[in-house]
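Participant: Heads up: the sequence lines are chains A and B, in that order.
Under the working numbering, the first residue of the first sequence carries the number 5, and numbering increases by one thereafter.
Under the working numbering, the first residue of the second sequence carries the number 4, and numbering increases by one thereafter.
Think of the hints as simulated: they come from the structure by calculation, not from any bench.
Bear in mind the structure is a predicted one, so any value in this text is a computation, not a measurement.
Since no wrong hints were added, every one of them can be taken at face value.
Straight-line C-alpha distance at most 20 Å; calculated DMTMM-like pairs for lysine to aspartate or glutamate:
| # | chain 1 | residue 1 | chain 2 | residue 2 |
| --- | --- | --- | --- | --- |
| 1 | A | K43 | B | E180 |
| 2 | B | K526 | B | E467 |
| 3 | A | K43 | B | E177 |
| 4 | B | K248 | B | E535 |
| 5 | B | K511 | B | E244 |
| 6 | B | K501 | B | D342 |
| 7 | B | K398 | B | E290 |
| 8 | A | K43 | B | E179 |
| 9 | B | K223 | A | E58 |
| 10 | B | K448 | B | E392 |
| 11 | B | K155 | B | D115 |
| 12 | B | K149 | B | E177 |
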Amino acid sequence: MTKLGAIFWIGLVLASGFTTFKVKYAVQEIDDELTRVRKQAIAEQQEIRVLAAEWSYLNQPERLAELNRVLLQLAPLTARQLQQRIEDIAWRAPPAAPGTLVAANQPASHPSAGATPFAMPPAAALPSAMPAGEMSPDAAGALAAAVTVLGAGTAVPAPQLRLAKAAPGSLDALIARIADTR
Amino acid sequence: MQAALRLDENPCRPRHFRPPPPCTPIVPDERQAALLETCRARLVMTAAVFAVVFLVVALRLAGMALLSGGAAEASAGRVRSLTAPPPARADIVDRNGQLLATTLNSPSLYADARQILDAGEATRAILSVLPQLNAADIHAKLSSGKSFVWIKRRLTPRQQYDINRLGIPGLQFENEERRIYPYADLASHVVGFSGIDNNGLAGIERALDGTVKNSSGPLKLSLDARVQFILHQELTRVIDEFSAKGGAGIIMDVHTGEIIAMVSLPDFDPNHPTAADPKLPPSEAKERIFNKITLGVYEMGSVFKIFNTAMALDYGVTSMAKGYDASRPIRIGRFTITDYKGKNRWLSTPEIFMYSSNIASARMAVDAGAERQRNFLGRLGLLKPVPIELDEVGKPHYPNAKSWREINVMTIAYGHGISVTPLHLVTAVAATVNGGVLRRPTLRKVPSGTIPPGEQVMSPKTSENMRKLMRLVVSHGTAKFAAAPGYVVGGKTGTAEKNSGGRYQGKKLLSSFVGVFPMHDPKYAILTMVDEPKGTKQSHGYATAGWTAVPATGRVIQRIGPILGVPAVDEASPAVARALAIESIQGKRIEAY
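Starting from the given sequences, assemble the full structure and let the hints guide the process.
Facilitator: Structural data, given as structure tokens:
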């Protein structure tokens with residue numbers, strides 16, 4: 005009887021000791037993982053700060069204006085374009101027959117493109133720097149039409165970025181420039 | 004003798020005989036028995052103490068694990084926070100959340116030269132990433148055997164990545180925080196800059212240093228980077244066109260006092276404030292850091308007739324229908340007050356304002372008197388520094404109460420003999436057109452929908468009359484080039500001769516224009532100022548405000564109107580015409596200037 009009791013208690017001690025160690029190691033592992041994840045999160049947050057600064061740097065109005073001059077040539081809005089308030093604009097006309105819509109959405113190279121209001125230039129007239137490959141053909145065509153209309157019909161000159169301030173090209177270069185002068 | 008043998012040693016002891024249990028030894032000696040008893044008592048005492056201690060530990064454990072309601076877990080999480088420690092200085096953003104200033108960790112590279120295995124190879128590798136370094140210098144450092152040598156301070160994130168990829172043992176990074184201004188010179192005078200020790204040295208960085216250091220979120224300014232850019236660009240253009248020394252501009256929301264844009268040229272790049280900017284004409288760093296809008300005080304010239312006329316109307320000295328004789332110059336003491344391109348006849352109040360008559364304005368001011376003039380300018384906040392979130396604020400110059408004589412009254416009427424900052428002027432103009440409420444100008448964003456408290460400084464009726472008069476200047480007077488179709492611009496020009504060393508120099512002008520749009524329901528006030536413009540062929544040799552500051556302002560308004568969401572209207576529409584019609588000149592022909 006005593007022997008049985010002793011075995012029971014020793015077994016219990018061993019089992020509880022084993023469980024304790026197991027739990028302890030499991031907790032340690034989770035803790036390590038937590039630390040790792042936290043470090044990673046902090047690193048990501050730092051990265052986000054850098055990217056936010058770079059985004060801001062790339063969004064300098066001067067740079068955007070230059071990009072617009074070279075790539076889009078959109079003119080500033082004039083008051084004449086804004087003189088109608090939204091309430092003054094008529095409700096949308098009833099939808100046209102489906103056939104018309106399809107014709108208007110044809111790619112620029114399609115023969116029926118001539119029927120659209122804009123004289124669509126061939127896709128080759130796109131400025132070479134434009135990521136034409138990433139656009140759907142009709143989007144590229146519409147953009148080209150917009151460029152042609154806004155550029156007063158002249159051929160778009162080969163885009164050449166002249167960015168006086170943004171010359172370093174990236175935030176890295178900006179920081180490097182600062183580092184050199186400090 | 005066998006009897007001497009001990010019982011258990013007896014080889015033939017009885018089978019059923021058991022020796023007594025060992026715990027109760029038969030101790031014949033009484034002294035030994037007492038000793039044993041003491042030992043037992045001590046053991047029991049020790050065991051009891053241990054038992055109590057273990058019980059306490061067990062209870063405490065049970066209490067913490069089961070009864071404390073999760074306090075333990077909460078405190079465990081606090082040890083290491085999930086977020087990075089906030090940077091030493093908070094971000095500064097514009098009203099749309101665009102970053103104007105941010106703090107980035109910038110790593111610096113150092114080496115433990117004892118761990119470098121091959122200094123030559125390591126030098127070559129480092130130079131492949133940082134080609135601007137000196138090879139001999141780096142080689143000497145790496146083979147020095149010192150435990151700490153700087154290789155390069157303030158690396159870019161890309162360079163850090165590349166160095167890490169080299170995998171050279173012994174190269175380490177140390178993170179240092181650095182302030183970055185992504186928009187460079189765009190809002191340099193507003194944002195200011197901070198030094199290498201993270202203390203603000205100019206602009207908002209200096210004035211709100213405590214806020215920037217302690218705030219967890221970004222500091223939101225009232226500036227709009229897009230509007231700031233347009234103002235900056237147009238001012239740069241007019242400065243180039245007229246070979247001017249500098250210029251300044253400010254745009255303010257007349258209802259909230261928020262400053263939407265503030266430009267002072269020449270400016271500087273806050274990323275390296277003392278380095279020369281190749282884009283700008285060479286000028287001293289000190290001059291470029293000088294904020295013309297808040298720190299510079301100038302005799303603003305005819306622009307002051309806005310306040311003179313408002314004063315005369317508000318005190319009832321004159322009315323829209325009355326007028327003054329401006330046929331002859333005024334001689335007072337050794338001074339003569341004349342009109343620039345004078346009409347030499349009687350002028351009504353709208354005409355006085357429209358043609359900017361010095362003679363009639365001076366007479367108007369004399370009728371009001373020195374006391375009322377001083378009171379009125381004081382109420383508009385023109386006699387004390389403007390309260391704003393910048394340390395660079397200028398003190399107005401004006402005669403003290405005792406020496407405020409008639410001659411001062413006359414010259415102050417048309418903006419000479421009193422110097423204020425452009426910020427003073429635009430703040431007072433905002434109060435003049437918004438219904439007569441003076442509000443504190445601010446560089447921090449006012450939450451939309453709230454109107455900060457203000458002080459009524461003139462009657463709403465006077466304010467309405469001033470709106471009509473200011474519109475007249477653009478529609479028929481000296482500022483026709485400011486007309487931005489659709490935005491119903493109004494304003495007042497001022498061309499002041501610069502005073503240096505107590506003398507007016509006829510050739511050195513300060514041309515300014517203060518505009519308000521849309522005039523029938525004012526939303527924004529804008530002031531542009533060109534310092535020492537020189538006439539060009541296109542301007543027929545003129546460098547007056549009408550040819551310099553005025554067209555620039557017109558262009559700015561045309562471009563910022565859509566951005567600020569100002570509804571463009573048909574200027575000929577009856578509603579606008581009714582709001583700005585002046586009864587006293589109704590039906591009369593307005594002479595073109």
